[in-house]
Amino acid sequence: MHLDLQLITSGLAIGSVYGSIALGLVLIYRSTGILNFAQGEMATFSTYIGWSFVVSVGMPYWVGFLLAVLAAFLLGAVVERVAIRPVQNQPHLTVVIVTLGLFLLFNALSLKFWHSDVRPFRSPFPSGSVHVLGTYISWVSIGIFGVSLISMAFVGIVFRFTKVGLAMRAVTSNPMASALMGISNGRILSLGWGLSAAVGAIAGMLAANRLLLDPNMMQGVLLYAFAAAVIGGMTSPVGAVIGGLVMGVTNALVSSVSWIGSDLSLAATFIVLVLILLVRPQGLFGRQIEVRV
Amino acid sequence: MLELRDIVVRYGPVVAVDRVSIRVEEQQVVALLGANGAGKTTVLKAISGLLPCASGDIAWGGGVISKLPPHRIVRAGICQVPEGREVFAGLSVYDNLRLGAYLRRNRHAVRSDIDRMYEYFPVLAERRDQAAGTLSGGEQQMLVIARALMSSPAMLLLDEPSLGLAPLVVQQVFSILRRICDDMRLSVLLVEQDAETALSIASYAYVLEAGRVVVEGSSVAMQGDESLRRSYLGY
Chain A
19 MHLDLQLITS GLAIGSVYGS IALGLVLIYR STGILNFAQG EMATFSTYIG WSFVVSVGMP
79 YWVGFLLAVL AAFLLGAVVE RVAIRPVQNQ PHLTVVIVTL GLFLLFNALS LKFWHSDVRP
139 FRSPFPSGSV HVLGTYISWV SIGIFGVSLI SMAFVGIVFR FTKVGLAMRA VTSNPMASAL
199 MGISNGRILS LGWGLSAAVG AIAGMLAANR LLLDPNMMQG VLLYAFAAAV IGGMTSPVGA
259 VIGGLVMGVT NALVSSVSWI GSDLSLAATF IVLVLILLVR PQGLFGRQIE VRV
Chain B
60 MLELRDIVVR YGPVVAVDRV SIRVEEQQVV ALLGANGAGK TTVLKAISGL LPCASGDIAW
120 GGGVISKLPP HRIVRAGICQ VPEGREVFAG LSVYDNLRLG AYLRRNRHAV RSDIDRMYEY
180 FPVLAERRDQ AAGTLSGGEQ QMLVIARALM SSPAMLLLDE PSLGLAPLVV QQVFSILRRI
240 CDDMRLSVLL VEQDAETALS IASYAYVLEA GRVVVEGSSV AMQGDESLRR SYLGY
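Line by line, the protein sequences are chains A and B. Every number in our numbering is 18 more than the matching position in the first sequence, counting from 1. Every number in our numbering is 59 more than the matching position in the second sequence, counting from 1.
The following block holds chain B by itself, in its conformation from the complex:
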């Protein structure tokens, strides 16, 4: 279980995340919603250790991880899919996937996991020797998801997987994602602006506004509450 307890994250004097508490149970998919600039990405960066918490702490699997450097957090089983499709542009699709498994020692298992990713995302198999930078936006998004899964994480942090993708591609990515979460028994914290799509896959959601959690509740309750949807989720 991942638990954020009253975390505060600052950029200099600016408080970007203000006493945010979030829980993700094992094998649960939780959405973190909110408008642009609400602090969603900052929360994920704090979990991954890319930004320090000014106060509060982050607990994971019985320990506190909020002081660890990024590579130790990956080792602890939390892997982030960053926003904006941060592929290794000059490296091949295959090398990108290999890098996802950087911390794993068992070559045999890594090779069979690469084949498994090619099954989930057949287009990556077709492009395995191509430089990742030459892929289309949707393909790059699939690659960064597959790359993160190669670390065989217990928890996946997904940052705006729908950003800049055509609606049809978004549907495609999310339907594969749902399948993977079930297969791999993953816990997921999903950051999205597209609340409707996010709620279709998550069981619980938090809404962030100006760095604070303003609403939380089950997806079903949020989908059913029209006034909440209108005022906070924009659909």
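This is chain A alone, in the form it adopts within the complex:
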């Protein structure tokens, strides 16, 4: 195993993508108890929208990027209103099936509009690398890491310092009481879904250059993101982000071991996950829930 900086930064870059998707999962899970299996496919769909703006329409990259994020936000809010709210008081399994249905729906929509060809999507970051502490770190890694960190920090700021963020925390904490405060719970949950989808779209746009854009692009990422959310304790946004980084770096490091390689790296990474959960079953940032009987 080479513990070199290059591997670690590349792991941090892809890990920040896992972290972004995990953050989206956790935001929805902690406020509604719903696992959104469509989180990755919605991100892929939004990435295609961005791709169309940039490549087909020929807009500057960052304009297309912003439009895709905006579209994702609206998409997330509409999905909550149309697909989730009608079933949110149904048994858990029903809601899970609905999000699985959304997974298939968005996968099929991506396939229908953009076909299954793998599409290269140029990176907005310069292609060279920068010389740091004796190794070369690519600008692409730095860019991916930086932009996802900014987007996740933005979510954190919304949550902690705005009135809407306070309302989101209130709905999460006690939906009945928040309704009695005059908060429209439905509108706040819609906003939460929109925010999650927007963060997911940013992750998708950033990952598209490295993973290559095809309708199944985010499926592997979703797996890592679920693991990241679990490591983080399922309800902690900070934990999800750190969990994503842990998954990314672990994966980069184990795949550099010659007898593991990239084929077995997924399995090896998940062994690390199991080891973490053996030591801390509640995740790194989760609270142990004690139920008094």
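Because the hints were derived from the structure by calculation, they are not lab data. Careful, some of the hints might be misleading.
To be verified - Computed beta-carbon distance windows for the label pairs: (1) B:Ala225 <-> A:Ile115: 43 to 53 Å; (2) A:Thr180 <-> B:Ala190: 13 to 23 Å; (3) A:Thr180 <-> B:Arg187: 19 to 29 Å.
Glycine is no exception: its CB is placed at the ideal position from the N, C-alpha and C atoms.
We have chain A; now place chain B onto it with these hints.
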């Protein structure tokens, strides 16, 4: 004025509230008494829009509010203090109070109202940065009352404020409540099992039994009628 006209509330096939009519005049404190399961909480939930009325309607300030969602009813000036001290447990006392004022735009007025709540309930000022879930039962009850008042309501719906509190704390909460009602010119509909305490603050009362109003009258009349007190109010 709040007026419930023959409201019926069902849980599935079960009729929990059966043709109940209640009036609360402006700045009047009215008690809604009765045993556990009589339908008192259900009445409050119907007023707040948390449960739909199967028939009958609820009039408030010249309009009908029985079809509005909960957040619109808060906007109309009716705020409920729910039973069981439903604080936002993970949020600070200060954030809980801020959430009470969620619909208000005037930041300056909100800040001065928070200070006013700290004057009514000094213990909340001491604990302003503490998570609400770590407060004692009495402190949480004070917090949910203060939180509801932060919406600067015209009418307060109070659900069992004495529940699970030590008698001394109950007295303390009620004496502050009486002061606040006078200061803020509030109308109050107070649901209580502890009839004696409730009648000491209310001017009029209704007694609910199995979802129906069985007795109503002024507090003075009820306090003076020993047989009524024995059969319906349990003291």
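Here is what the structure says about each hint:
Range check, Ala225 (chain B) to Ile115 (chain A): about 49 Å between beta-carbon atoms, so the 43 to 53 Å window is met. Between Thr180 (chain A) and Ala190 (chain B) the C-beta distance comes to about 20 Å, which sits within the given range of 13 to 23 Å. For Thr180 (chain A) and Arg187 (chain B), the Cβ-Cβ distance of about 20 Å falls inside the hinted range of 19 to 29 Å, so the restraint holds.
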